[in-house]
Amino acid sequence: MSARPIATTRTTAGLATGKLAVWWVIVSEIVIFGGLLGSYIMHRLAHDSFSAQAAHTNMWIGAFNTLVLLSSSLSAVLAHQAAEAGDGRKAARLIWATIAGAFTFLTVKGFEWTSEIHHGFTITSSTFWSFYYTAAGLHALHVLAGAIIMMFVASSAAKNLELHRVELIGIYWHFVDVVWIFLFPLLYIAK
Amino acid sequence: MAAHAHAAEHTHPNYVKIWAILVVLLCVSVAGPMFGHKIVTLITAFGVAGVKAYLVAKNFMHINIEKRFIPYLVITMLVFMLLFFAGAAPDVMKKEGTQWEKPSWKTSPAASAAGSHEGAHP
Chain W
17 MSARPIATTR
27 TTAGLATGKL
37 AVWWVIVSEI
47 VIFGGLLGSY
57 IMHRLAHDSF
67 SAQAAHTNMW
77 IGAFNTLVLL
87 SSSLSAVLAH
97 QAAEAGDGRK
107 AARLIWATIA
117 GAFTFLTVKG
127 FEWTSEIHHG
137 FTITSSTFWS
147 FYYTAAGLHA
157 LHVLAGAIIM
167 MFVASSAAKN
177 LELHRVELIG
187 IYWHFVDVVW
197 IFLFPLLYIA
207 K
Chain H
10 MAAHAHAAEH
20 THPNYVKIWA
30 ILVVLLCVSV
40 AGPMFGHKIV
50 TLITAFGVAG
60 VKAYLVAKNF
70 MHINIEKRFI
80 PYLVITMLVF
90 MLLFFAGAAP
100 DVMKKEGTQW
110 EKPSWKTSPA
120 ASAAGSHEGA
130 HP
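If you read the protein sequences in the order shown, they are chains W and H. So that you can map any letter, position 29 of the first sequence is 45 in this note's numbering, and since no number is skipped, the others follow by simple counting. So that you can map any letter, position 97 of the second sequence is 106 in this note's numbering, and since no number is skipped, the others follow by simple counting.
The set of hints was computed from the structure by calculation and includes no laboratory data. Fair warning: there could be bad hints in the mix.
[Said to hold, decoys possible] Chain W is faced by these chain H residues, among others (derived, beta-carbon under 10 Å):
hint	residue
1	48
2	61
3	79
4	87
5	109
6	112
[Said to hold, decoys possible] If you anchor each label on the Cβ, the simulated ranges turn out as follows:
hint	chain 1	residue 1	chain 2	residue 2	range
7	W	37	H	84	13 to 21 Å
8	W	161	H	60	23 to 31 Å
9	W	126	H	25	50 to 58 Å
10	W	68	H	73	37 to 45 Å
11	W	80	H	109	28 to 36 Å
12	W	171	H	63	31 to 39 Å
13	H	119	W	119	39 to 47 Å
14	W	29	H	110	34 to 42 Å
15	H	63	W	131	19 to 27 Å
[Stated by the list, open to error] Chain H regions said to be covered by chain W (calculated; three or more residues, Cβ under 8 Å):
hint	stretch
16	33-46
17	62-68
18	90-99
Please read these numbers as outputs of a predicted model, since none were measured by experiment. From the three backbone atoms N, C-alpha and C, an ideal C-beta is built for every residue, glycine too.
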């Protein structure tokens, strides 16, 4: 009897169960983030005051964090390529680079939020700031969750074990990147 | 195991080149508002965001070589999102509708601009 986990060997829908589960998570997340961003857009279109409030967000910080996430997506997909070639050690190194990107993103976010709160812009300041902290905060939680999961994936990949997980966490990480790609213009550019 | 064979079959594109294109598009997004035209800003911000998301989904998430039901599942969720928007937007964006109104919006432009819902009547 095989000792390999069912996530890599069993398939009920034409693709491995583990990958199916990740896509199921992602399509569920589309509804969560989509509902939130859709609500933001309808409020933004209806209320002129959002424009004045959005003027206080710093586009350059948002752009820097976008660059960080795009670059971390690159290292994640290169890790997937290395894992497919059977090079677990290289995949692990690239995942650690992705984790470094995640923590860079969160650190920048921490400084940004501290500055904004010091300037009096809190989650209760106005509807715009409620959306801002909820959407960016929910996204940041996904970044943190991804970073923690990647630590486990990197430690097993370094031993050339469970290399299929490199692709699975990569798919999740790219989705987190895609969400930010839409959050950036909504919160930082459209003023 | 068929899934593994399927995954191993595809050839990897030049990921660094795709990343470079994404960075150029990011620069376009940032430069857009500098022209001072609302339409240009909307295109460079949201049009470019759509292109960036497509590039990431296609080249990094490999959605184009995934089983067909995966992109269909994603599209279904996006349609649900649009349905939600179409259903909820009138209540959020309009001052009044069938058997309901927002009196404070009708009397005070400031309340309307701020999105205050005080005094809303069912």
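Hints and how they fare:
no.	hint	verdict
1	48	violated (12 Å)
2	61	holds (5 Å)
3	79	holds (5 Å)
4	87	holds (7 Å)
5	109	violated (15 Å)
6	112	violated (16 Å)
7	37(W) to 84(H): 13 to 21 Å	holds (20 Å)
8	161(W) to 60(H): 23 to 31 Å	holds (27 Å)
9	126(W) to 25(H): 50 to 58 Å	violated (30 Å)
10	68(W) to 73(H): 37 to 45 Å	holds (42 Å)
11	80(W) to 109(H): 28 to 36 Å	violated (44 Å)
12	171(W) to 63(H): 31 to 39 Å	holds (33 Å)
13	119(H) to 119(W): 39 to 47 Å	holds (42 Å)
14	29(W) to 110(H): 34 to 42 Å	violated (49 Å)
15	63(H) to 131(W): 19 to 27 Å	violated (33 Å)
16	33-46	holds (count 5)
17	62-68	holds (count 4)
18	90-99	holds (count 5)
Hints 1, 5, 6, 9, 11, 14 and 15 from the list above are not met by this structure, while the remaining hints are.
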